[in-house]
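> Per the working numbering: the sequence shown = residues 1 to 152.
What the hints contain is simulated information worked out from the structure, not anything from laboratory work.
One or more hints might be untrue.
To be verified - Straight-line alpha carbon distances no greater than 27 Å define the calculated DSS-like cross-link-like pairs of lysine-lysine that follow:
{"id": "1", "residue 1": "74", "residue 2": "14"}
{"id": "2", "residue 1": "119", "residue 2": "74"}
{"id": "3", "residue 1": "34", "residue 2": "133"}
{"id": "4", "residue 1": "84", "residue 2": "119"}
{"id": "5", "residue 1": "138", "residue 2": "84"}
{"id": "6", "residue 1": "144", "residue 2": "14"}
{"id": "7", "residue 1": "133", "residue 2": "123"}
As the list claims (entries may be wrong) - DEER-style ranges, computed between Cβ atoms:
{"id": "8", "residue 1": "146", "residue 2": "31", "range": "18 to 26 Å"}
{"id": "9", "residue 1": "143", "residue 2": "34", "range": "24 to 32 Å"}
{"id": "10", "residue 1": "146", "residue 2": "111", "range": "18 to 26 Å"}
{"id": "11", "residue 1": "110", "residue 2": "6", "range": "36 to 44 Å"}
{"id": "12", "residue 1": "138", "residue 2": "84", "range": "36 to 44 Å"}
{"id": "13", "residue 1": "145", "residue 2": "22", "range": "39 to 47 Å"}
{"id": "14", "residue 1": "27", "residue 2": "53", "range": "31 to 39 Å"}
{"id": "15", "residue 1": "7", "residue 2": "31", "range": "17 to 25 Å"}
{"id": "16", "residue 1": "142", "residue 2": "50", "range": "15 to 23 Å"}
Positions of the beta carbon are idealized from the N, C-alpha and C atoms, including for glycine.
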Amino acid sequence: MSIDMPFDCSWLRKQFDSEVLNNGDRAALRHAAKPSDMELLPGLYRLFPGLDTGEPHHRIAYLLPYARHAANAKPLGAQLAAAKISEARVLQVARSASPTDIEQLRRLLRQLDTALDWKAFGKLLWDWDEFSKRKLVKDYYLAKFTLAKGDK
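Given only the sequences and the hints, what does the whole structure look like? Please build it.
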């Protein structure tokens, strides 16, 4: 059972781009080697003031620098399919254990260089589990194998 996310990740993405974080904080978040490194970065606590942060916060902060926000953007899986990212790379994220799965996901985001709907993507990261990974894979395949209009 997941706990409801106590904040809006689209707002959080705006905070990342605002003066809440200085350039050093943003650079430190971008250069973290793994999600658990976030705990040692002041930028994490500036993004989540007054909150006792845990793994969901670390995952979100770890990926925040790698995708802009666009309301109603296509799901990540669909964008990966449209960008012709290989099935093997998407499945590698889904089959990997923590923290390797999130590290692989960050590599995909860096390659994709896109905008995501951070309300939806943030929720996916907050609840990150087997179901979330399956949703990513499902969105990928639904977009990849959608029949063109008129096809049967």
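> Which of the listed hints are not met by the structure?
6, 8, 11, 12, 14, 16
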